[in-house]
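This is what each chain is made of:
Protein chains: 4
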Amino acid sequence: MGDLGKLAERLREFAAAREWEHYHTPKNLVMALAGEVGELVAEFQWLTAEEAASIMDDPQAGRRVRAEIGDVVAYLVRLADVLGIDLLEAAEAKLAESERRYDPARYRGVYRKAPPLE
Amino acid sequence: MGDLGKLAERLREFAAAREWEHYHTPKNLVMALAGEVGELVAEFQWLTAEEAASIMDDPQAGRRVRAEIGDVVAYLVRLADVLGIDLLEAAEAKLAESERRYDPARYRGVYRKAPPLE
Amino acid sequence: MGDLGKLAERLREFAAAREWEHYHTPKNLVMALAGEVGELVAEFQWLTAEEAASIMDDPQAGRRVRAEIGDVVAYLVRLADVLGIDLLEAAEAKLAESERRYDPARYRGVYRKAPPLE
Amino acid sequence: MGDLGKLAERLREFAAAREWEHYHTPKNLVMALAGEVGELVAEFQWLTAEEAASIMDDPQAGRRVRAEIGDVVAYLVRLADVLGIDLLEAAEAKLAESERRYDPARYRGVYRKAPPLE
Numbered sequence: 159m160g161d162l163g164k165l166a167e168r169l170r171e172f173a174a175a176r177e178w179e180h181y182h183t184p185k186n187l188v189m190a191l192a193g194e195v196g197e198l199v200a201e202f203q204w205l206t207a208e209e210a211a212s213i214m215d216d217p218q219a220g221r222r223v224r225a226e227i228g229d230v231v232a233y234l235v236r237l238a239d240v241l242g243i244d245l246l247e248a249a250e251a252k253l254a255e256s257e258r259r260y261d262p263a264r265y266r267g268v269y270r271k272a273p274p275l276e
Numbered sequence: 159m160g161d162l163g164k165l166a167e168r169l170r171e172f173a174a175a176r177e178w179e180h181y182h183t184p185k186n187l188v189m190a191l192a193g194e195v196g197e198l199v200a201e202f203q204w205l206t207a208e209e210a211a212s213i214m215d216d217p218q219a220g221r222r223v224r225a226e227i228g229d230v231v232a233y234l235v236r237l238a239d240v241l242g243i244d245l246l247e248a249a250e251a252k253l254a255e256s257e258r259r260y261d262p263a264r265y266r267g268v269y270r271k272a273p274p275l276e
Numbered sequence: 159m160g161d162l163g164k165l166a167e168r169l170r171e172f173a174a175a176r177e178w179e180h181y182h183t184p185k186n187l188v189m190a191l192a193g194e195v196g197e198l199v200a201e202f203q204w205l206t207a208e209e210a211a212s213i214m215d216d217p218q219a220g221r222r223v224r225a226e227i228g229d230v231v232a233y234l235v236r237l238a239d240v241l242g243i244d245l246l247e248a249a250e251a252k253l254a255e256s257e258r259r260y261d262p263a264r265y266r267g268v269y270r271k272a273p274p275l276e
Numbered sequence: 159m160g161d162l163g164k165l166a167e168r169l170r171e172f173a174a175a176r177e178w179e180h181y182h183t184p185k186n187l188v189m190a191l192a193g194e195v196g197e198l199v200a201e202f203q204w205l206t207a208e209e210a211a212s213i214m215d216d217p218q219a220g221r222r223v224r225a226e227i228g229d230v231v232a233y234l235v236r237l238a239d240v241l242g243i244d245l246l247e248a249a250e251a252k253l254a255e256s257e258r259r260y261d262p263a264r265y266r267g268v269y270r271k272a273p274p275l276e
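Chains as they are written, first to last, in the working numbering: chain A, 159 to 276; chain V, 159 to 276; chain H, 159 to 276; chain Z, 159 to 276.
It is possible that part of the hints are untrue.
Note that identical chains are pooled: a pair holds if it fits in a single copy or bridges any two copies.
Stated by the list, open to error - Capping the alpha-carbon separation at 20 Å, the derived lysine to aspartate or glutamate pairs in DMTMM-like fashion look like this: (1) Lys271 <-> Asp216; (2) Lys271 <-> Asp261; (3) Lys164 <-> Glu276; (4) Lys252 <-> Glu197; (5) Lys271 <-> Glu255; (6) Lys164 <-> Asp244; (7) Lys252 <-> Glu167; (8) Lys164 <-> Glu179; (9) Lys164 <-> Asp215; (10) Lys252 <-> Glu276; (11) Lys271 <-> Glu257; (12) Lys164 <-> Glu247; (13) Lys271 <-> Glu179; (14) Lys164 <-> Glu257.
The set of hints was computed from the structure by calculation and includes no laboratory data.
Start from the sequences and build out the full structure, keeping to the hints where you can.
Okay, structure coming up:
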């Protein structure tokens with residue numbers, strides 16, 4: 159079992175040991191994920207593009223960003239586990255679709271939304 | 159290199175092949191992540207707790223959820239790569255902290271916010 | 159000038175008095191809005207549907223919800239002011255469109271996404 | 159009744175006419191709000207600060223931003239109505255608190271998080 163699988167297992171055990179599984183419904187977990195992403199966004203909201211790019215050079219800010227990222231990952235892994243979704247497969251499927259939709263020759267240097275694939 | 163590392167590399171190549179790296183600043187990626195989590199939340203917003211729990215039994219809804227989760231993972235992996243953060247380590251650090259903060263004996267069955275660790 | 163206009167003016171003065179206007183770019187304000195909505199979502203994430211419906215009966219939780227709603231309104235009004243968007247007109251336009259898209263006779267009791275208007 | 163009150167009433171009638179009130183629980187509405195804010199964020203995510211500042215000069219992008227803002231306002235007004243919260247009072251209370259917390263003399267030109275009020 160890979161590292162994401164081990165993390166999913168640790169999160170299952172964390173919830174089971176505290177009898178918190180009843181909180182971990184898909185609706186609740188998707189809300190928890192949104193809440194943590196909101197906290198992550200807040201770490202960047204007042205920064206200029208340059209300050210944001212070097213945020214990890216600031217020990218305090220870097221620590222907070224790492225903590226929020228950790229919370230986001232935990233809820234995402236827990237949600238995927240409860241839904242029975244393989245996170246890596248889901249991402250790879252979307253990436254393969256984007257690789258077909260966005261021909262490098264026609265989208266070089268500039269982003270614009272491409273039509274969906276047939 | 160683990161699977162998350164391979165995904166990060168494919169995302170790097172995807173951006174490089176289209177000369178899209180200039181779009182992938184931390185501020186932009188954190189916004190993209192928030193946008194995709196919003197789309198994921200929208201898949202669940204009108205569902206009852208029961209409908210949400212069995213959403214993956216519906217082929218169309220399940221396909222949409224899997225696609226949105228894929229987008230969330232992709233932007234999270236790309237953001238972490240750009241910031242130089244190890245996603246698994248960040249999650250494990252937060253989980254270890256939560257394991258210490260939430261003594262199973264004192265938090266059995268009910269969640270309430272615990273004081274931060276000293 | 160209506161109440162929303164007075165609030166927009168107080169927010170302008172709040173920013174001007176502290177020379178914080180440079181922080182209030184559209185990108186930053188939209189991120190701040192997302193961050194505050196995340197905090198609002200977090201107040202509800204572990205509640206059952208029943209607990210959520212009666213959250214305002216709990217003095218402490220009610221106070222927190224009111225505070226988060228206040229933050230969301232403030233950033234939304236500030237963002238709209240900076241962009242030159244009339245919040246009520248925007249909402250009324252969308253509502254009028256929804257009233258046409260969702261014929262009550264065909265959508266009674268059940269929600270499903272309707273095709274966009276021609 | 160003020161304009162926000164009229165909008166709240168139109169939203170109540172919109173829901174009642176379609177027998178959609180059962181969808182408009184606080185949990186669902188707070189998720190819908192998060193979903194629409196996500197769509198709003200997405201309109202800005204790939205823009206530079208300058209492009210974002212002039213987004214309303216672009217007819218197509220401006221139309222989309224106005225539409226997303228309209229959706230955000232509608233769900234916020236509906237949520238506040240269901241919870242029994244006065245949006246303007248909530249915002250004014252938070253602003254008054256921020257005016258006391260952030261002494262212009264000590265926070266001129268630079269934002270840093272102030273301690274909460276006693």
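Here's how the hints hold up against the structure:
In the homo-oligomer, the alpha carbons of Lys271 and Asp216 lie at most 20 Å apart only across protomers (16 Å), although the nearest pairing inside one protomer, at 35 Å, exceeds that limit. In this homomeric assembly, Lys271 and Asp261 come within 20 Å of each other (Cα to Cα) only inside a single copy, at 12 Å, whereas the closest approach across copies is 31 Å. Taking the shortest alpha-carbon separations for Lys164 and Glu276, neither the intra-copy value of 37 Å nor the inter-copy value of 28 Å comes in at or below 20 Å. In this assembly of identical chains, the alpha carbons of Lys252 and Glu197 lie at most 20 Å apart only when taken from different copies (14 Å versus 26 Å within one copy).
Only within a single protomer do Lys271 and Glu255 lie at most 20 Å apart by alpha-carbon distance; the minimum there is 13 Å, versus 24 Å between protomers. Proximity of Lys164 and Asp244 under a CA criterion of 20 Å is satisfied in both settings, with 13 Å inside one chain copy and 15 Å between copies. When the C-alpha separation of Lys252 and Glu167 is checked against a cutoff of 20 Å, the pair qualifies only between copies, where the shortest distance is 15 Å, while the shortest distance within a copy is 25 Å. For a Cα distance limit of 20 Å, the shortest separation of Lys164 from Glu179 inside one copy, 18 Å, qualifies, whereas the shortest one across copies, 32 Å, does not.
With identical chains, the CA atoms of Lys164 and Asp215 are never at most 20 Å apart, being 30 Å at best within one copy and 25 Å at best between copies. Within a single copy, Lys252 and Glu276 get their C-alpha atoms as close as 15 Å, which meets the 20 Å cut-off; across copies the closest is 30 Å, which misses it. Within a single copy, Lys271 and Glu257 get their C-alpha atoms as close as 13 Å, which meets the 20 Å cut-off; across copies the closest is 29 Å, which misses it. With identical chains, the CA atoms of Lys164 and Glu247 are at most 20 Å apart both within one copy (17 Å) and between copies (12 Å).
For the homomeric pair Lys271 and Glu179, the shortest alpha-carbon distance between copies (16 Å) is at most 20 Å, but the shortest distance inside one copy (40 Å) is not. Proximity of Lys164 to Glu257 under the C-alpha cut-off of 20 Å is restricted to the inter-copy arrangement: shortest distance 16 Å between copies versus 30 Å within a copy.
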